[in-house]
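Chain by chain, the residues:
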Amino acid sequence: MSSYHLDHLGYLETEAIHVMREVAAEFERPVMLFSGGKDSICLLRLAEKAFRPSDIPMPFLNIETGHEFPELLSFRDRRAKELGAKLIVRTVDDALKKGLATQAPGEISRNKLQTPALLGAIEEFQFDCAIGGARRDEEKARAKERFFSFRDSFGQWDPKNQRPEIWNLYNGRLNPGENMRVYPINNWTEMDVWEYIKREQLAVPTIYFSHERECFRRGGQWLPLPPSHTDASQPDPYAGARPKPNEPVKKLVVRVRTIADMISTGMIESRADSVDDIIGEVAAARVTERGSRADDKASEAAMEDRKKAGYF
Amino acid sequence: MPNTQHPIELLRFITCGSVDDGKSTLIGRLLYDSKNLMEDQLEALEKSADLTGGGQINLANLTDGLRAEREQGITIDVAYRFFATPKRKFIVADTPGHVQYTRNMVTGASTANLAIVLVDARQGVIEQTRRHTYISSLLGIPHLVVAVNKMDLVDWSEARFQEIRDEIESFLPRLGGFRDVKFIPLSALNGDNVVDASAHTPWYEGPTLLGHLETVHIASDWNLGTFRFPVQWVNRPNDPTDKTLHDFRGLSGQIASGIIRAGDPVVVLPIGLKTTIKEIRHYQDSMPTAFCPQSVTLCLAHDIDISRGDMIVGIENLPGRSSDLQARVCWMNQRALLPGKKFFLKHTTQTVQAVVTTLESRINMGTFESEPNPPALAMNDIGVIRLKTAKPLVFDGYSTNRLTGSFILIEQGSNATVAAGMLTAPTEEAKPEYTDFAI
Numbered sequence: 001m002s003s004y005h006l007d008h009l010g011y012l013e014t015e016a017i018h019v020m021r022e023v024a025a026e027f028e029r030p031v032m033l034f035s036g037g038k039d040s041i042c043l044l045r046l047a048e049k050a051f052r053p054s055d056i057p058m059p060f061l062n063i064e065t066g067h068e069f070p071e072l073l074s075f076r077d078r079r080a081k082e083l084g085a086k087l088i089v090r091t092v093d094d095a096l097k098k099g100l101a102t103q104a105p106g107e108i109s110r111n112k113l114q115t116p117a118l119l120g121a122i123e124e125f126q127f128d129c130a131i132g133g134a135r136r137d138e139e140k141a142r143a144k145e146r147f148f149s150f151r152d153s154f155g156q157w158d159p160k161n162q163r164p165e166i167w168n169l170y171n172g173r174l175n176p177g178e179n180m181r182v183y184p185i186n187n188w189t190e191m192d193v194w195e196y197i198k199r200e201q202l203a204v205p206t207i208y209f210s211h212e213r214e215c216f217r218r219g220g221q222w223l224p225l226p227p228s229h230t231d232a233s234q235p236d237p238y239a240g241a242r243p244k245p246n247e248p249v250k251k252l253v254v255r256v257r258t259i260a261d262m263i264s265t266g267m268i269e270s271r272a273d274s275v276d277d278i279i280g281e282v283a284a285a286r287v288t289e290r291g292s293r294a295d296d297k298a299s300e301a302a303m304e305d306r307k308k309a310g311y312f
Numbered sequence: 313m314p315n316t317q318h319p320i321e322l323l324r325f326i327t328c329g330s331v332d333d334g335k336s337t338l339i340g341r342l343l344y345d346s347k348n349l350m351e352d353q354l355e356a357l358e359k360s361a362d363l364t365g366g367g368q369i370n371l372a373n374l375t376d377g378l379r380a381e382r383e384q385g386i387t388i389d390v391a392y393r394f395f396a397t398p399k400r401k402f403i404v405a406d407t408p409g410h411v412q413y414t415r416n417m418v419t420g421a422s423t424a425n426l427a428i429v430l431v432d433a434r435q436g437v438i439e440q441t442r443r444h445t446y447i448s449s450l451l452g453i454p455h456l457v458v459a460v461n462k463m464d465l466v467d468w469s470e471a472r473f474q475e476i477r478d479e480i481e482s483f484l485p486r487l488g489g490f491r492d493v494k495f496i497p498l499s500a501l502n503g504d505n506v507v508d509a510s511a512h513t514p515w516y517e518g519p520t521l522l523g524h525l526e527t528v529h530i531a532s533d534w535n536l537g538t539f540r541f542p543v544q545w546v547n548r549p550n551d552p553t554d555k556t557l558h559d560f561r562g563l564s565g566q567i568a569s570g571i572i573r574a575g576d577p578v579v580v581l582p583i584g585l586k587t588t589i590k591e592i593r594h595y596q597d598s599m600p601t602a603f604c605p606q607s608v609t610l611c612l613a614h615d616i617d618i619s620r621g622d623m624i625v626g627i628e629n630l631p632g633r634s635s636d637l638q639a640r641v642c643w644m645n646q647r648a649l650l651p652g653k654k655f656f657l658k659h660t661t662q663t664v665q666a667v668v669t670t671l672e673s674r675i676n677m678g679t680f681e682s683e684p685n686p687p688a689l690a691m692n693d694i695g696v697i698r699l700k701t702a703k704p705l706v707f708d709g710y711s712t713n714r715l716t717g718s719f720i721l722i723e724q725g726s727n728a729t730v731a732a733g734m735l736t737a738p739t740e741e742a743k744p745e746y747t748d749f750a751i
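Just so you know, the protein sequences line up as chains S and C, in that order.
Going letter by letter, the first sequence gives residues 1 to 312 in the working numbering.
Going letter by letter, the second sequence gives residues 313 to 751 in the working numbering.
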């Protein structure tokens, strides 16, 4: 192979950097979604590569469901601080209080409620573009995504009428109220993400590595035992998400493969305690990454329906 | 298990052809037989087979990800799939067969190294076969595979295979552009010659489809010829605490073609000033050399006023510079293109206003002949047009440079992307005005 040849990670990296710089150049008020998860960790390194020695020319935004793994939040805050970036946090709780969102009766997961909270934040800060770490290989509705994904003034995705996206010429033009979602790592697979984390020696939250945790079995998955409810003056935020008497709690050696929040993330039993181990595990995996997420299991079109409504 | 020890190449390909030629089934088969399908994906397939398919697994359901697609049993938009073998990584764009979704095929084709055009062995070559082969050639995809599918339904007839091959080979010379063309007889449904060689084709001596995808030579697909660098973003740190950054002024972008070394002389266009590359930066590194398609930041020896949309080029083989342009376009909007209409034209990293002055010709897909002076270009038509831009473009012909020779047209008001354009080579080079600006 000639020395003027990029390997697959080099190709994916240059494609993503190009996309990020297009955002910085073409939008007035872009924002980058950063949860502290592995995909958005890669986004941050790509942003450093795209913009250094300048500052990353956009703030970070995270929408909390209120059920986050504490390890993830502290990692998120630390990383934003290290990079000197402004981190904006908005919560599903706020959206509920402001009446932007209403919980469906009987539903415990707040995954769907992230959508109105996200749209509320976009409105509040007048963001015209939000960069996210979604990938086409995650799910089949996402497999149809463009790099620049147009959303109308209701934040909706119209999959039957997407803008053609040709060469590397992205059309970022918007009318007032409309906005763009941009996915620089669209073409990355789960394996690419871990190989990039290894190559760039990126830190990740400890919950990706094997650890002991109390879990209980529900819906064919090992769910983490939520933190205990101490403040009796407040309603239990994990009501409904605690083990029932017929769901015995077991101490297991587990890790997360993909992170939603504590209610929707299945833990996988694993002894992988290094990035190399994880790469080995991903290579040998016989189920997809999203196989451990309750939010995607609802129906064959679960993701498509949420995306049409404005979900990431 | 993917090999992480040495660099692995990435091959991007599209599958195209008419509706029901079996494109989605072929991708399903490639993933299934190369062990790239996961248990939960199989489980979901089996579930939908029990519910709707009378127990028969439908491999097409793997890529048809939208509700409307599964309802109608067709592919509407490009679906991207990813798989790997120990030899290569692959990105597949499964593109729609319906004529009305040709624009989505163009989306998939514009970034592909290789096109697989499927032909139903029973139907033979039809207009969509010709159209998709034409578009693949028009967009400059270097490698073509004609997959003659459903060979089981013509009793694995070598004569039938040869007949289809002869017909396509008879019109290929009129298209040009492909570096290599491969014809493969297969059955996507049963898996013959997809991953595993078929026992039904003793008369066929070539590779299986996957064997070809793993070995076709792609190392020279990127353009390492003349240096072209459209400036994408001006990198000016605004950090009052760091003195070393006070004077930093970098030009960020992706190298569209060629190789650049620190110390190389370059010309900045359209202003036409000559200078040299002081430093090539990538994140924290200073690199002696960089090449297409790397994204880098260039620092120049002179402080020249440069902004997004300008182009830094090598001193030999200068690009053209003109506001009168000729281009082949693929029209992608329901409202037909009429001469006189104004658009935004996005070329490399700049957007300018442009007016379509003349429709010179329209390609007849049946004959590949040019029909002169069409009154309009309808959706999915391909034709040659002339444009006038509000500001001159610095450009190359698409046949020599895919990235500096291409543009899109954006409709004003709706902001819809309505055309993909490929520029005709310039008639004269951009003349730098001050050639002897100090080096």
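It is worth saying that the hints were derived from the structure and are not from the lab.
Take the hints with a grain of salt, since some may be wrong.
Which chain C residues stay away from chain S? Per the calculated CB distances, all over 12 angstroms, these [said to hold, decoys possible]:
1) Gly503
2) His659
3) Pro704
4) Arg714
To be clear about the criterion: a stretch of chain C counts as covered by chain S if any three or more of its residues have a C-beta under 8 angstroms from a C-beta of chain S, and this derived list gives those stretches [said to hold, decoys possible]:
5) 340–346
6) 395–407
7) 490–497
8) 516–525
9) 556–569
10) 664–674
In this text, a Cβ means the ideal position worked out from N, Cα and C, and glycines have one as well.
Here's how the hints hold up against the structure:
1. Gly503: The claim holds: C/Gly503 sits with its nearest Cβ about 20 angstroms from chain S, beyond 12 angstroms.
2. His659: Non-interface label fails for C/His659: nearest chain S Cβ at 8 angstroms, not farther than 12 angstroms.
3. Pro704: About 19 angstroms separates C/Pro704 from the closest Cβ of chain S, which puts it past 12 angstroms; holds.
4. Arg714: violated (7 angstroms)
5. 340–346: Violated - the segment 340–346 of chain C has 0 residues with a Cβ nearer than 8 angstroms to chain S, which falls short of three.
6. 395–407: holds (count 3)
7. 490–497: violated (count 0)
8. 516–525: Contact hint for the segment 516–525 of chain C vs chain S: violated, 0 residues under 8 angstroms.
9. 556–569: holds (count 6)
10. 664–674: Check failed, 0 qualifying residues.
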